[in-house]
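Keeping their order, the protein sequence lines are chains A and B.
All residue numbers for the first sequence refer to my numbering, where the first residue is 1 and numbers rise by one.
All residue numbers for the second sequence refer to my numbering, where the first residue is 1001 and numbers rise by one.
It should be emphasised that the hints constitute simulated quantities derived from the structure, not laboratory data.
Keep in mind it's a predicted model, so treat the numbers as computed, not measured.
Some hints could be false.
Calculated lysine to aspartate or glutamate pairs in the EDC-like style (CA-CA distance at most 16 Å, straight line) [unchecked claim]:
(1) A:K197 <-> B:D1113
(2) B:K1138 <-> B:E1165
(3) B:K1022 <-> A:E137
(4) B:K1037 <-> A:E137
(5) B:K1134 <-> B:E1092
(6) A:K251 <-> B:E1123
(7) A:K251 <-> B:D1020
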Amino acid sequence: MERKVGIIGAASSKFGVRNDVNFSELAFESFKPAIEEAGIDTKDIEYFVVSNTGAWSSEQLPAIIVGESLNLVGKGSLRVEAACASGSAGIKTGYDMIKSGSADVVLVLGIEKMNESQTPTVVELIGRAGNYFWEFEHFGLTFPGYYALYATAYLNKYNSKEEDLCHVSVKNHYYGARNPKAHFQREVTIEECMNSKYVAWPLKLLDSSPITDGSASVILASEDFIKRNGIKEPIWIKSIGYSTDTSNLSKRSDFLSLRSSVEAAEIAYKKSGISKDELLRKIDVAEVHDCFTIAEILAYEDLGFFKRGEGIKALKEGQTYTGGKIPVNLSGGLKAKGHPIGATGVSMIVELSKQLKRNVEKGRQADIKNGLALAHNVGGTGHYAYVTILSFS
Amino acid sequence: MSSQNEVLEKKKKQYPIIIDQKRNVALWESTRELKLKYLVSVEKIKKFFEGLLENKLLATKCEKCNEIYFPPQSFCSNCRSTELKWIELSKEGELLTFTKIFVKPSSFSHYEDYTIGIVRLREGVNVLAWISEKNLSKLKIGMKTRIETRIREPEGYPIYEIIPEELVS
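Isolated chain A (complex conformation) (with noise of 0.2 Å):
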């Protein structure tokens, strides 16, 4: 029998440089109110999955500082990387879990305190996170780098300028601004974004998520748990979509679409019922994976949202933003809401809980029609992709 998985709590911290809190008390400050939205408790949590980059970060056992902290001590754990992705994997870890009938609440802590390494070694950190002999050893690629090479490959193709890439900085600060949880609280301009520095050309400062601390919590439980309990209005998880790519960028066969985010909606889509050709009809809002603007733009196309080459004239066009054809990142995204790696998946999936649920701040709600919205989180360099699907009715 098909086991359903719902949401029954999902809170995030406050995204930022978080120095005024230890790893300890990052986690606790999602998981309270998580645990408190879910009204159940901690009892009632039989495993706990932490997803956590690290390397950054003094404890190299994330998962059980989690679980001291949060009093889960002697329930099942373990810390799940797929670097960016790490929260949407560990989604699919706590998922995958309930689903297969192993357990009936799991509890997914993403967190990343990125803030304990300074700038030039978490560079040299994320630098790493492709192939480390054949392209960081030698050549030093940088995350930007490599998110670089596709942002040429694209402005190349379809004519297009720096500037244009800069309008998605531009509607994610204008979004991060109405979020009191971003990382950036404040809008920027097209000409802020056209002076900012290099990090990567084409990519300037203002095309890149920024270097952030924060976690994110998610409780997820049974149908039979939450009707049990007489839990109202769980947000449903109707399918996650999954793919990766190769190590080496060089073994690409080009830099115009992220392949494993292509597959992962595939999947996604076809197990939720969705047809490709109905999408902007039926979800209402979407969280994707910006961690530079190039990234946003790879995604309306690769997730079939706009066909090959349209994503900046639909961006322009104002069909990403509240009120167009599909809301994209009402939370700021990557962008400004910040990009905490292993808490960036879980964020993303308390953010459309909170859409679906319409219960976000002023001047960010989208309009929900359909009770559907749409999470897509990669790792690495389109090295892992994820796409989660999530009903509410």
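Assemble chain B onto chain A, guided by the hints.
Coordinates of chain B only, in the frame set by chain A:
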């Protein structure tokens, strides 16, 4: 009283606690620094590095299914054969995409800002490497390129680099 406070303030300074001035919060600066330097096995692909010394770009080719591997590998991911032979690549290709790294990793901070490209060789194999030309306005997608061995200074080891065709001497 004030001298007592002074003594306390002085004693507090014994801790490796620094203040994040921007946020006015206290941080313990760890006293245990970790240095990492990896030892990566190249035993089964050492011929590749010998090839570079003769300005040759070598790849491996599966004798069973003909799959070509660059970067070279000693086994075939495709058919799982371990019988692979070394082949020399043409080195001629065209530029698929490129970037210039301005914000560098700390272990690359001693270099000038560098350009990186991916080229597709005649054999259909892609190679990622530094481009000898650092001036972005001289680089164009689709331009003809060659691969040449260059000495990476200051480390002093030979490594392959992308040279735009018009700059080949």
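Hint by hint, here is what the structure shows:
1. A:K197 <-> B:D1113: Within the cut-off at roughly 13 Å; holds.
2. B:K1138 <-> B:E1165: holds (12 Å)
3. B:K1022 <-> A:E137: violated (35 Å)
4. B:K1037 <-> A:E137: Distance ~11 Å between K1037 (chain B) and E137 (chain A) Cα, so the pair holds.
5. B:K1134 <-> B:E1092: violated (20 Å)
6. A:K251 <-> B:E1123: Status holds; Cα separation ~13 Å.
7. A:K251 <-> B:D1020: Violated: K251 (chain A) and D1020 (chain B) sit about 43 Å apart, past 16 Å.
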